[in-house]
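Protein chains in written order, with the numbering used here: chain A, 1 to 256; chain B, 1 to 256.
Quick caveat, the hints were computed from the structure, so don't treat them as lab data.
Warning: the hint list may mix true and false statements.
Any copy, or any two copies together, can satisfy a pair, since identical chains are not distinguished.
Only pairs whose alpha carbons sit at most 16 Å apart, straight line, appear in this in silico EDC-like list of lysine to aspartate or glutamate [to be verified]:
#, residue 1, residue 2
1, K213, E200
2, K250, E205
3, K3, E102
4, K213, E46
5, K3, D120
6, K3, D56
Listed below are the residues making up each chain.
There are 2 protein chains.
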Amino acid sequence: MLKAIKIVLVGTSHPGNIGGVARAMKNMGLAELCLVAPRAQFPHPEAVLRSVGATDILDNVQIYASLEAAVADCTLVAGSSARSRHLPWPLLNPRELAGRLEEELVHSEHRIALVFGREDRGLSNEELHLCHLHVHIPCNPDFSSLNLAAAVQVLSYELRMAVLASQENSSPAEELPFGTEWDVPFASGEALEHYFEHLEKTLIEIDFHDPNKPRQLMSRLRRLYMRARPDTMEVNMLRGILTATQKAAKKSSESQ
Amino acid sequence: MLKAIKIVLVGTSHPGNIGGVARAMKNMGLAELCLVAPRAQFPHPEAVLRSVGATDILDNVQIYASLEAAVADCTLVAGSSARSRHLPWPLLNPRELAGRLEEELVHSEHRIALVFGREDRGLSNEELHLCHLHVHIPCNPDFSSLNLAAAVQVLSYELRMAVLASQENSSPAEELPFGTEWDVPFASGEALEHYFEHLEKTLIEIDFHDPNKPRQLMSRLRRLYMRARPDTMEVNMLRGILTATQKAAKKSSESQ
């Protein structure tokens, strides 16, 4: 199960932290590390030093220009976040996230991204809105700054504990969280982004949405659909509705 | 309960690790740090740097010549250990240790020490024998070297989780599932039914849905939105979109 998980670091400043993260990952059995627009130079000798031998992970790092691209193939994106945000979003602690691992990975195509933000200011709101859910490590409210590698360590530890527990329990089929096995794989990050683009375009065409006065419309819709976690068939259905809506609006505007 | 726990580092080589440990501790709400025969110079600027503000812990560090002296006031001593030892010893994982916290601390005089060994070779057998039990962080057997601060982070995290759980059990207030209190009440069953009626009507008007050939369309949409649990504001927003869609479709059909 750990093979289906990647760690994504956004805008990391210190090469040493990238090495520390690689070490924490390898220690817990994770292998795939992605960097999004790193501010640190990479590769860098300090990263190798701090990885203390996890150089295979560093050698296979993938670098992306945007978080959107990094999570395009992922069916669950969990972003590390401080507790309070302007717009409430589903928030789990690391154990609750790990507890969902098994059900998340019932389909072999499913892939999970754990996203960690900048050392100084975490993830932006736009980046957090690319996530299905947010993870918060419970910490001392008066001293909540966690080292990046330490945060990855805690999350990876919880995932490893969940995998070990699931191996122990793995004989008689356990009760699934849904009445039956979910019949269709979840939509990928890329498919969801295409849906949100299509949705925004359509809302403009039917005069419901004005991008110059966005209010929080798209954020609220995104939060709603991310919470529901549409599967691939549902996304096709939702896009079919949008296409039918556009057709209706187009006929209307053409005939005016 | 966290006040009754101290972290003991034996023979630490790198001052930076002492700072990293202080940061991890403070982050999880621990305060008391002891050094036993440190090989690193201490105090040291590198420790201050890596503590990122946990200097209060560094300022109050107590230094001992032997582990025996450091744990003299402790009622439970848990030593961090690799998995296999010549002489079998009670071995717990961090969660199992944390699960014992509450019963360990039924008496207010009880004090717990968590002992961590040298970066390069851990605790000696003599030191491990000063411990009531050994703690092992489950890790990749091919890459088991854990950074000292990372090990303290994982143990402290488990202790904090246990304390939070025990506080929750003792007060009725439930933990909130979102990053902040959800700002709007969930939609009532009635409001949702009105939404689904409105949705179906609209889908018929834009020629997406044929009630005579329903397939599973409405069931699938219902399942999707029920999963998301829309709040009242979200239902208003969704219905606003439907009304705008109907307006577009109406204009279109009137003009035909």
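Flag every earlier hint the structure violates by its number, smallest first. Hints 4, 5 are the ones this structure does not satisfy, whereas the remaining hints hold.
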